[in-house]
Amino acid sequence: MDAKYITPFIQSIQNVFATMLQLQVTVQEPRVKQGASCTYDVSGIIGLSGDVAGSVVLSFPTGAAERVASLFTGMELTADSDDFTDAIGELVNMVSGGAKGMFKDRSVSISCPSVVTGKDHKIASPKDVPCIVIPCDTDCGELAIEIMIDDRKSATEAAAAAALRA
Amino acid sequence: MKILLVDDSKTMRNIQKSILTQLGYTQLEEACDGQDALSKVGAFGPELLLVDWNMPNMDGLTFVKEFRKTDKTTPIIMVTTESERSRVVEAIKAGVNNYVVKPFTPDVLSQRITETLGKVAAA
Numbered sequence: 001m002d003a004k005y006i007t008p009f010i011q012s013i014q015n016v017f018a019t020m021l022q023l024q025v026t027v028q029e030p031r032v033k034q035g036a037s038c039t040y041d042v043s044g045i046i047g048l049s050g051d052v053a054g055s056v057v058l059s060f061p062t063g064a065a066e067r068v069a070s071l072f073t074g075m076e077l078t079a080d081s082d083d084f085t086d087a088i089g090e091l092v093n094m095v096s097g098g099a100k101g102m103f104k105d106r107s108v109s110i111s112c113p114s115v116v117t118g119k120d121h122k123i124a125s126p127k128d129v130p131c132i133v134i135p136c137d138t139d140c141g142e143l144a145i146e147i148m149i150d151d152r153k154s155a156t157e158a159a160a161a162a163a164l165r166a
Numbered sequence: 001m002k003i004l005l006v007d008d009s010k011t012m013r014n015i016q017k018s019i020l021t022q023l024g025y026t027q028l029e030e031a032c033d034g035q036d037a038l039s040k041v042g043a044f045g046p047e048l049l050l051v052d053w054n055m056p057n058m059d060g061l062t063f064v065k066e067f068r069k070t071d072k073t074t075p076i077i078m079v080t081t082e083s084e085r086s087r088v089v090e091a092i093k094a095g096v097n098n099y100v101v102k103p104f105t106p107d108v109l110s111q112r113i114t115e116t117l118g119k120v121a122a123a
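In order, the protein sequences belong to chains A and B. Letter by letter, the first sequence follows residues 1 to 166 in this note's numbering. Letter by letter, the second sequence follows residues 1 to 123 in this note's numbering.
Think of the hints as simulated: they come from the structure by calculation, not from any bench. Incorrect hints may have been included.
As the list claims (entries may be wrong) - Below, in silico cross-link-like pairs of lysine to aspartate or glutamate (EDC-like), each with a Cα-Cα straight-line distance of 16 Å or less:
1) B:65 to B:90
2) A:104 to A:150
3) A:127 to A:151
4) A:104 to B:84
5) A:4 to A:150
6) B:10 to A:83
7) B:10 to B:30
8) B:10 to A:82
9) B:72 to B:47
Kindly produce the complete structure, drawing on both the sequences and the hints.
What follows is the structure in structure tokens.
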């Protein structure tokens, strides 16, 4: 996956967490994910469509997710609280929205967020689309951004160029 | 001043309510999507609306277009993650008066509200 799709997510999560949570996010080296299980137990998920298609997952260990959601809402929340999934969903919404706004020459729509919890849960993705994991550290604990992006516009342009050469 | 908050995230509505209450606005009503908002505007009679873009059932842009068919003047501020210039232009064309990109600080939301109400009062 092109780095032009990774940097916006790094900048966006740092901006969202600094603005809404006053929380610094330290980012480690992105890597390609092996296997289908999410990195941690709580996943906020957003779908991308348009010139690029795919999904973005904000993956937290339960404890970190509870601390982040509590900080975000100003209320003490646990994973069982009514507002917990809403808070995680809004965070992944803001991170994804901010990132796609930084994509150059790509028109992208984002879905409404959904949140999945549970140990070793899996999120299906197309086999030929790699998942990039960006590990992050915060004072609330570690978390990860998982990005699966298929640049459809680029594929279409490449196919058109090949057809013209033929 | 009556303000209608339209956002599918309860967390976001609570954040906005907290900021607005601190600014002295206490007549607040909530809607969880565009359809819900359309069903509430008649009875509530908002004097300002804060509207999210991406929502289930009816998104914010569709709501604004529907609302503007019968109400050309009540100010609307779109509060959304949609930050691309083309989206802002689309929203303004649909009848939005001002625009706040999420994430935002209380100061930014407060400033946009003051700015929007000032322009409406001067018109």
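Right, here's what the structure says about each hint:
1. Taking the CA atoms of residue 65 (chain B) and residue 90 (chain B), the gap is near 11 Å; set against the 16 Å cutoff, the hint holds.
2. For the suggested pair residue 104 (chain A) and residue 150 (chain A), the alpha carbons sit about 15 Å apart, so the restraint of at most 16 Å is met.
3. Proposed proximity of residue 127 (chain A) and residue 151 (chain A) is supported: the alpha carbons are some 15 Å apart, at most 16 Å.
4. With a C-alpha separation of about 10 Å, the suggested pairing of residue 104 (chain A) with residue 84 (chain B) holds against the 16 Å cut-off.
5. Proximity of residue 4 (chain A) to residue 150 (chain A) is assessed by CA-CA distance (about 13 Å); at most 16 Å being required, the pair is judged to hold.
6. For the proposed pair residue 10 (chain B) and residue 83 (chain A), the alpha carbon gap of about 7 Å is at most 16 Å, so the pair holds.
7. Distance restraint check for residue 10 (chain B) and residue 30 (chain B): the Cα-Cα separation of roughly 9 Å lies within the 16 Å cut-off, and the hinted pair is therefore satisfied.
8. The hinted pair formed by residue 10 (chain B) and residue 82 (chain A) meets the criterion: a straight-line CA distance of about 10 Å does not exceed 16 Å.
9. Of the supplied pair hints, the one linking residue 72 (chain B) and residue 47 (chain B) holds, its CA atoms being roughly 12 Å apart against a limit of 16 Å.
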